[in-house]
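The sequence shown: position 30 = 30 (our numbering), numbered continuously.
Treat each hint with caution, since some may be false.
With a straight-line cut-off of 25 Å between C-alpha atoms, the simulated DSS-like cross-links for lysine-lysine are [to be verified]:
#1 Lys265 - Lys232
#2 Lys232 - Lys188
#3 Lys168 - Lys265
Hints in this document: simulated from the structure, not taken from any laboratory.
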Amino acid sequence: MISVITPAFNAEHSIEQAIASVQGQSREDWELIIIDDGSTDATRAIAEAVSDKRIKVVRQENAGASAARNAGLGLAQGEYITFLDADDTLPPNALKLRADLLDREPQIDIVHGAVQLLCGNRKLRVVQPNLNSGPLLGRLVRLQEDVFVGVFYMLRRKKIGQHLFQEKLSHSEDLIFYLTLAHDADLKYAAVPETVYEYRRSPTSAMSNLDGLETGYLELLNHVSGMQRISKGNCTYLRRRVRRILFLSWLRQGNPKKALRSLHKVALLTGSWI
1 MISVITPAFN
11 AEHSIEQAIA
21 SVQGQSREDW
31 ELIIIDDGST
41 DATRAIAEAV
51 SDKRIKVVRQ
61 ENAGASAARN
71 AGLGLAQGEY
81 ITFLDADDTL
91 PPNALKLRAD
101 LLDREPQIDI
111 VHGAVQLLCG
121 NRKLRVVQPN
131 LNSGPLLGRL
141 VRLQEDVFVG
151 VFYMLRRKKI
161 GQHLFQEKLS
171 HSEDLIFYLT
181 LAHDADLKYA
191 AVPETVYEYR
201 RSPTSAMSNL
211 DGLETGYLEL
221 LNHVSGMQRI
231 SKGNCTYLRR
241 RVRRILFLSW
251 LRQGNPKKAL
261 RSLHKVALLT
271 GSWI
């Protein structure tokens with residue numbers, strides 16, 4: 001019923017914990033597809049050592065998380081799809097809470113929930129979801145934190161169709177993927193109030209590759225410009241958010257020239273929106 005897709009690259013210190021969190025789910029009708037993205041450590045050996053027929057481990061040459069997720073989508077058999085990064089974990093009811101909602105509400109396509117943010121094992125805060133059901137597109141394009149934290153939704157596989165993650169991007173590829181689905185498949189959103197994902201992040205993870213962040217956000221703007229169902233007002237709002245994010249990110253890194261350059265790039269790309 002449920003396919004959990006996990007891209008894994010050099011995750012020997014966390015993959016066992018991620019797998020155990022899936023095995024500990026209160027709902028047991030799942031498959032876990034682990035795509036070893038060319039790891040050079042013991043990731044694959046650790047994953048393959050787990051004895052569970054519901055777990056499939058597939059190796060590919062290193063191509064990035066998006067390529068690994070796409071490979072997982074190609075193998076998934078479940079009616080519902082969700083993603084689990086190799087350094088994250090799922091609370092025991094994470095699958096049940098969301099799948100049960102999809103089971104009982106056929107008009108809903110995609111389900112969110114609360115996300116626990118952690119740094120290592122230290123709890124930072126819980127991002128509470130927007131509990132108002134309805135179309136996803138308008139709220140997603142406005143980058144609402146209570147609607148989108150990352151790739152962590154559960155959704156109906158039939159709604160994905162032939163859509164894939166953009167493999168050349170290191171940032172914003174998940175947002176572009178879901179925006180495209182929300183636009184093309186008119187996704188109907190709902191959420192549960194309970195925590196459904198435990199997201200471990202480094203405070204410097206996004207800042208470590210600001211060029212990649214900038215490329216991802218510019219591609220996001222470019223992608224949205226071709227979506228006819230997104231209002232001009234929402235396009236303008238998104239432009240302002242992206243401009244502010246990039247400008248301040250470069251300033252915090254002590255690079256005012258690139259901060260100003262990012263404003264120029266956004267202006268060139270979105271001049272027709274004004």
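message: With the threshold set at 25 Å, check whether the alpha-carbon distance from lysine 265 to lysine 232 stays at or below it.
response: 19 Å, holds
field: Hinted pair lysine 232 and lysine 188, Cα distance within 25 Å
entry: Given pair lysine 232, lysine 188 holds - Cα atoms ~21 Å apart, limit 25 Å.
query: Can the restraint linking lysine 168 and lysine 265 be considered satisfied, given a maximum Cα separation of 25 Å?
result: 19 Å, holds
Checked against the numbered hints listed earlier, the structure breaks none of them; every hint is satisfied.
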